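Colleague: If you read the protein sequences in the order shown, they are chains A and B.
Sequential numbering from 106 applies to the first sequence in our numbering.
Sequential numbering from 548 applies to the second sequence in our numbering.
Among these hints, one or two may not hold up.
Derived DSBU-like pairs (lysine-lysine); straight-line CA-CA distance at most 30 angstroms [as the list claims (entries may be wrong)]: (1) 188/A - 615/B; (2) 589/B - 548/B; (3) 615/B - 167/A; (4) 167/A - 123/A; (5) 188/A - 589/B; (6) 173/A - 125/A; (7) 173/A - 615/B.
Between beta-carbon pairs, the in silico distance windows are [said to hold, decoys possible]: (8) 167/A - 564/B: 42 to 50 angstroms; (9) 147/A - 630/B: 19 to 27 angstroms; (10) 177/A - 560/B: 45 to 53 angstroms.
None of these hints come from the bench; they were simulated from the model.
Note that the structure is predicted; figures quoted are calculated from it, not measured.
The beta carbon of each residue, even a glycine, is placed where N, CA and C say it ideally should be.
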Amino acid sequence: GEEVAQTPKHLVRGEGQKAKLYCAPIKGHSYVFWYQQVLKNEFKFLISFQNENVFDETGMPKERFSAKCLPNSPCSLEIQATKLEDSAVYFCASSQGQGWQPQHFGDGTRLSIL
Amino acid sequence: KQEVTQIPAALSVPEGENLVLNCSFTDSAIYNLQWFRQDPGKGLTSLLLIQSSQREQTSGRLNASLDKSSGRSTLYIAASQPGDSATYLCAVGREGAQKLVFGQGTRLTINP
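Chain A with its partners taken away, still in its complex shape (with noise of 0.2 angstroms):
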């Protein structure tokens, strides 16, 4: 498609709940990424993708974060045993890679963590 799909729009989960989100990059970009948003404006990295293979990785909290980008498939962002603090809004974003061509960025789900 022409936009970074990301669904659902909003996801609420009891604390120690499960949590999968989802995220359609446009067609024909190559590289996907995760942001998490909290405190209003504070943009955190968390992975990306080229393709299906983990790009970097370096923003992840790797007990409980997990992200894939299957062939065929959106590219799915899972938060295990959620905690309140896990409560955010979550950007996905996607890219060709190239210098002169910007990210461009879904809607994002908002995760509250209850």
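Since the structure of chain A is provided, determine the placement of chain B on it from the hints.
Modeller: Relative to the frame of chain A, chain B by itself:
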């Protein structure tokens, strides 16, 4: 570690004014710099991207400049309109496919 700072945090101006938003970064080894706007409850809309070899980029009423050696970028908005009200974020990338490091944003309000 790259740090990106945006000043001011908030700005309110009357409609029609020209204005400048500032962005500074600590590590000049960047590959590109991107300006975004974010409307409440929405994602980021890419406004302009400047590669490290460029000095400025223009799109309509927007002009972004980059001074890599001093670690600064500005976003100039001409003839501001109420529809320009949003949060503006700058972000720097180290390489073409690398993660972006974001500033905290400037919340802009244009008063009719």
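Colleague: Decide, hint by hint, whether the structure agrees.
Modeller: Right, here's what the structure says about each hint:
The hinted pair formed by residue 188/A and residue 615/B fails the criterion: a straight-line CA distance of about 40 angstroms is larger than 30 angstroms. With a C-alpha separation of about 28 angstroms, the suggested pairing of residue 589/B with residue 548/B holds against the 30 angstroms cut-off. For a cut-off of 30 angstroms, the pair hint linking residue 615/B to residue 167/A is broken: about 34 angstroms separates their Cα positions. Only pairs whose Cα atoms come within 30 angstroms are accepted, and residue 167/A paired with residue 123/A is accepted, the gap being roughly 15 angstroms.
Distance hint between residue 188/A and residue 589/B is fulfilled; the C-alpha atoms sit about 24 angstroms from each other, no more than 30 angstroms. For the hint linking residue 173/A to residue 125/A, the alpha-carbon distance of about 11 angstroms falls within 30 angstroms, and the restraint holds. For a cut-off of 30 angstroms, the pair hint linking residue 173/A to residue 615/B is broken: about 35 angstroms separates their Cα positions. For residue 167/A paired with residue 564/B, a C-beta distance near 48 angstroms keeps the hint of 42 to 50 angstroms intact.
One distance hint, 19 to 27 angstroms for the beta-carbon pair residue 147/A and residue 630/B, holds here, with the actual separation near 26 angstroms. Between residue 177/A and residue 560/B the Cβ separation comes to about 48 angstroms, which falls inside the hinted range of 45 to 53 angstroms.
The earlier numbered hints that this structure contradicts are 1, 3 and 7.
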